[in-house]
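Engineer: This is what each chain is made of:
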Amino acid sequence: MSAILELKHLRKNYGALAVTDDVSLAVDAGELHAIIGPNGAGKTTLIHQISGLAPSDSGQILFDGRDVTRAPMHERVRAGLARSFQITSILPGFTARENVAVAVQARSGSSFRFFGDPARERDLDAQAMEALAIVGLTGRADVTAGQLSHGEKRQLELAIGLATRPKLLLLDEPLAGTGKEESERVVETLLGLKGRYTIVLIEHDMDAVFALADRVSVLVYGRVVATGAPDAVRSDPAVREAYLGEEAA
Amino acid sequence: MLDTASPAAAKVAAPPPEAGATSARAPLIRREALAFALFAFFAIAPAIAQVGAEGYLLSLVIRAMIFAIAALSLDLILGYGALVSFGHAAFVGIGCYAVGILMAHSVSDLFVQLLATLLASALFALVTGAISLRTKGVYFIMITLAFGQMIYFLTTSLAAYGGDDGLTLPSRSAVFGTDVLENDLVFYYLVLACLVGVYALLRAIVGSRFGRVLRGTRENPVRMQAIGYDPYRYQLVAYVIAGMIAGLSGFLLANHIEFVSPAFISWQRSGELIIMVVLGGMGTLVGPIVGAMSFLFLEEILARITQDWKLIFGPLLVLVALFARGGILGFFRRKA
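In order, the protein sequences belong to chains A and B. Under full-length UniProt numbering, read the first sequence as residues 1 to 249, first letter to last. Under full-length UniProt numbering, read the second sequence as residues 1 to 336, first letter to last.
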């Protein structure tokens, strides 16, 4: 398999603190690659760097054969790099349907059109409903997004990401703040996506990670201390010490 | 840590969710009905006014319609774009002075003046918008204020065109060489036609693909970037459209009072435009029309009661801010 995303010696400092410290990582096309690590390991910062929300101090980000290290976020998205956020990021005043439709609109035709109601564009609507169906929100399409339950919002954000037709989906703790039933539903959705999309997943829920991931990378103080199959990583002594230590003890 | 869900700047100005909610068809229809009723009122107002002090009342309604156009244009960027521009009167001023300066050089043709107005305000919006939109929140307010004051001081220093004192126009703009606009009734309906046209244009724009992106950016700019939009480009285009429409209102204002002055451009005027939009209900398009009418009529009535009418007007605004979030329109919607 070939790598769709490659990080080469990526760095990011906040003042004297190295939040991302010489991270090199390759994500293969089609895999579900989980990034785990204790709080403050720099996981979210790394996602911000990959997605373009935070600039990198040095190093290189290659995506789909192209150097995107300095590209703004919206350009990376158009190249096929979609993301979700740890704190749910949706358009609260739009309906669920329109949240997704506006993502479809971004990649189909110009948005500098000043006349005509986009809600009547069948193509946009059909694709939006398709993405909502994948996450199980068909029946909630016309509810204002701000009024959805927390779990539904997480699902909606996933649908928005899918609607951009990503080559790679960056998911920043999709289970954060969800209840047991809700998180089971998200895991189920992710299992359905696995294999069809390349996914980089940051997650705290270890059960979910080991149920979903093809490979796991462990980030500790901004450094990748291990990468490999879930079982191999689980039994890696360095990882046990740095991360799973508390649980193992 | 960088926090992703912090469109704090946008939240400052974002109206309550239902005000701009796209799927809320019912309020939209009620809003169209209100707009239609207002336009119908404007259309028959001259007939009613004939009974009483015709000239005076008509003049007041014309002024209300002209400021409604300016407030409408501000609503596009303030209400739908969450961009608190504190220099919007500059565009009104550019429209005024485009007429005034051309008149002073004996260019009285309406189409030439209008073209100059639109070009000048578009250019000013493009340049100042390109710079201002690099900033967010309170810095955006400051920088638009600064650009507005720049135009203000520029006009006060135009000694050839009256400087501080302003400039009296010899006549209204000429249409194909005729002075048909000197007829107050003709001018009245020209202003009304502009108002209806601007309203219809903006209604189409906010409902279009472009408007959807603009509204999405108001809700959550980071999310919009994360689905592939560059908010800056859309905000800049909206800023230019708003600037041109405000320029048009300035063009009409100069023709209405046949006088132009730096007083139309000062930052207080920009503040009044914001008040009109917020008072009526921002992000609704009808609201700014209601707001402009209420503002001017209240000013007129209160000024008759006392010279210090602002002492009454101020607390009224406070009450609206406290009890009618969403403006006059929002207040009645909650009652309904």
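No lab work stands behind these hints: they were computed from the structure. Hints are not guaranteed to be accurate.
Only part of the chain B face toward chain A is listed, based on derived beta-carbon distances under 8 Å [stated by the list, open to error]: (1) Gln149; (2) Arg203; (3) Ile205; (4) Arg212; (5) Val213; (6) Gly216; (7) Ala226; (8) Asp230; (9) Val237.
The following residues of chain A were derived to be distant from chain B, with all beta-carbon distances above 10 Å [stated by the list, open to error]: (10) Ala82; (11) Gln105; (12) Glu182.
All C-beta atoms in this analysis are idealised placements derived from N, C-alpha and C, irrespective of residue type, glycine included.
Engineer: For each hint, tell me whether it holds in the structure or not.
Structural biologist: Hint by hint, here is what the structure shows:
1. Proximity of B:Gln149 to chain A is violated relative to the hint, the smallest CB-CB distance being about 31 Å (cut-off 8 Å).
2. Here the hint on B:Arg203 is broken, as its CB sits about 10 Å from the closest CB of chain A, past 8 Å.
3. Hint on B:Ile205 holds. Least Cβ distance to chain A is approximately 5 Å, under the 8 Å limit.
4. Checking B:Arg212 against chain A: minimum C-beta separation of about 6 Å stays under 8 Å; hint holds.
5. Evaluation of the B:Val213 hint against chain A yields a held restraint, the C-beta minimum of about 5 Å falling below 8 Å.
6. Contact between B:Gly216 and chain A, as hinted, is supported at the beta carbon level, the nearest pair being about 5 Å apart and thus within 8 Å.
7. For B:Ala226, the suggested interface contact is upheld, since its CB lies about 6 Å from the closest CB of chain A, less than 8 Å.
8. With its C-beta approaching chain A no nearer than about 5 Å, B:Asp230 sits inside the 8 Å limit, and its interface hint holds.
9. Restraint check, B:Val237 versus chain A: the minimum CB separation of about 7 Å is within 8 Å; hint holds.
10. With a closest Cβ-Cβ approach of about 7 Å to chain B, A:Ala82 is found to fall inside the 10 Å limit, against its non-interface label.
11. The beta carbon of A:Gln105 sits about 6 Å from the closest Cβ of chain B, which is not more than 10 Å, so the claim that it is off the interface is violated.
12. Annotated as non-interface, A:Glu182 keeps its C-beta farther than 10 Å from every C-beta of chain B; the closest such distance is 19 Å.
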